[in-house]
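Asker: For reference, the chains in residue letters:
Protein chains: 2
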Amino acid sequence: MKNQSQFTPVKSHGAEDAILDRIRASAQQSRNATNGLLVGVGDDAAIFRATHGCDEIVTCDWFLEGTHFLRDKHPADSIGWKCLARAASDVAAMGGVPRCFLLSLALPSTHLGPWLDDFLRGLRRASQRFKCVLAGGDTTWGEKVLVSVTVLGEVRPGRALLRSNAQPGEIIFVSGRLGEAELGLCLLRLQKRKVSRGDPLLAKHLYPEPRLALGRWLAENRLASAMMDLSDGVSTDLPRLCEASRVGAAIDSAKIPAVRLPERGRTSSENALALALHGGDDYELLFTVPRSKANRIPRSFHGIPLSKIGEITKRRTLLLIDQSGRKMLLPNRGWDPFRQET
Amino acid sequence: MKNQSQFTPVKSHGAEDAILDRIRASAQQSRNATNGLLVGVGDDAAIFRATHGCDEIVTCDWFLEGTHFLRDKHPADSIGWKCLARAASDVAAMGGVPRCFLLSLALPSTHLGPWLDDFLRGLRRASQRFKCVLAGGDTTWGEKVLVSVTVLGEVRPGRALLRSNAQPGEIIFVSGRLGEAELGLCLLRLQKRKVSRGDPLLAKHLYPEPRLALGRWLAENRLASAMMDLSDGVSTDLPRLCEASRVGAAIDSAKIPAVRLPERGRTSSENALALALHGGDDYELLFTVPRSKANRIPRSFHGIPLSKIGEITKRRTLLLIDQSGRKMLLPNRGWDPFRQET
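Respectively, the protein sequence lines represent chains A and E.
Counting along the first sequence from 1, when you hit position 256 you're at 255 in numbering that gives the first Met the number 0, and nothing is skipped either side.
Counting along the second sequence from 1, when you hit position 170 you're at 169 in numbering that gives the first Met the number 0, and nothing is skipped either side.
None of these hints come from the bench; they were simulated from the model.
Keep in mind that a hint or two might mislead.
A pair counts as met if it fits within one copy or between any two copies, since identical chains are not told apart.
Unchecked claim - Below, a list of computed lysine-lysine pairs in the DSS-like style, where the Cα atoms sit at most 30 Å apart:
no.: 1; residue 1: Lys313; residue 2: Lys143
no.: 2; residue 1: Lys254; residue 2: Lys72
no.: 3; residue 1: Lys292; residue 2: Lys143
no.: 4; residue 1: Lys143; residue 2: Lys191
no.: 5; residue 1: Lys191; residue 2: Lys307
no.: 6; residue 1: Lys254; residue 2: Lys191
no.: 7; residue 1: Lys72; residue 2: Lys130
no.: 8; residue 1: Lys143; residue 2: Lys130
no.: 9; residue 1: Lys143; residue 2: Lys72
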């Protein structure tokens, strides 16, 4: 037992601990506020104290290589941003405020260098933007990049906007322009190289902005009755809202705020409508408003267009009304991960 | 638009929604108490109301095919149990009470039948046992079975037991018998067929019991100063506690409560000690107690042995003292997922 004084001090030596240290260092750079976090990264669990009197919102979202993003196409920075944006969007959809998040990250050994730095940079930007701080997580080795993010948020009791509260006769609204993210993904797939962060046509796909301020405004002012975020496309998500509320809906194809395509003509407008109805990853808000309050919804909120697209019906069908007034059933062609595979 | 009345009612049609329905149905069978859950599975997020005056504990844990379990060896029922037990163990390690959890599940299409039923059965048993209800989650397709579980728990303010509070001179305790889970894994790897649920030698590996009652008792009675759970082995986890507390430790090999091996003799006791020091997945508690309180720690708690294994030192080294009093540095040979791969 000689030379004990030369022994390096007690340290957790493994690669897993080294990665945790980098994540922790990255998080500390972004922690301006503690956001209710009493114990953060580094213990068995995090300890969080909610704002007095608030209920807590908790949600988690997968973000998996091969299923949700492509190794050779998506910049690591975008993966870091988007994994948090997706989960924060669920908090926006309840009308809440995000507070902190947990990161579950599995990585191949090839991704521990610059890839991880870029990933953490995107994650930190999102964390600062959404005012949502890293509270902890779990890191392990994986053949592919696997991410699961849990976000904790808050909402005042009774103010959360659920999917299950839509009533017949209410007006259906959406925020933003639908299908832009799906168009971005199409363009991304066509490109040979890894794309640059700055491409404006890809921005909505790579760096989606959860509609946090809008969701909170609708909830705090009791304007919406039901709300959800659009992650899998209107044609998949609207049925979910209707099923939860035990109602149906009729939407107007001419009123859908569809992505603008460079070409013009009938084919182009049909393509735009298809992208808007069935395209995933928009992270816009879909919400219903009682007729008596519909005139209190502005045409845009902080620059984001808000569009009336139809109304809730008592009859439990989903109808799409075209420009000549013809009705058809809305086909459910949005994103389903199990459908992609078969 | 004829025959509208024959249309099936609005329903979310996809495979993803069908899986969610099964998870939800399984969860409802087990929900005796709402556990503070105001909105559970089925909305954008869950809403949770903590017990008045409590802080919240939040933690997540990976459980991945190939890294944490083997497709052709581990019963689905054990995977369902263990994914929740691992995360609940982090709550035990803080001295808290688990309340609800989120399940992130990615599955191959081959696993949507009986496998998923068995998985959900194990998960439901764990949920009932730990009084921790399903609050929500995310489901998607995966080439392999991927699980991430987030548990929310509670603890009274100031009572949580952190890793960072161990002081020189304090006594180090562990619960249970160490290395049993690792031995179970060794036996499992040797077996040709999928194992049966009932094998007692495999029980600790397949169906670990997080030490929830013990953790809570130590925290509520302010007996321990620092605590963590043993997931990667004493030789990896004790350095983590020491690093967080900026102290060292000296442990006594003769006092380690090692797994009992069928054979006897010196080789056998060396093997048992190696399993106890470096074996992962024990989910026992490692905690430190001030000398003045050490006599208040019983030899067993609800049938679980509690053993003094050494003491915290000011000098920041990790020493193992053998039966003849010789000191050596404790080698860090516990589980590191990145080490397995390289």
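Asker: Indicate, hint by hint, whether the structure satisfies it.
Answerer: Going through the hints against the structure:
1. Lys313 to Lys143: neither (46 Å within a copy, 42 Å between copies)
2. Lys254 to Lys72: neither (33 Å within a copy, 55 Å between copies)
3. Lys292 to Lys143: Classified as neither; 48 Å inside a copy, 48 Å across copies.
4. Lys143 to Lys191: both (21 Å within a copy, 28 Å between copies)
5. Lys191 to Lys307: neither (39 Å within a copy, 62 Å between copies)
6. Lys254 to Lys191: Close neither inside one copy (35 Å) nor across copies (62 Å); limit 30 Å.
7. Lys72 to Lys130: Classified as within: same-chain Cα gap 28 Å, cross-chain 44 Å, threshold 30 Å.
8. Lys143 to Lys130: within (29 Å within a copy, 34 Å between copies)
9. Lys143 to Lys72: both (14 Å within a copy, 22 Å between copies)
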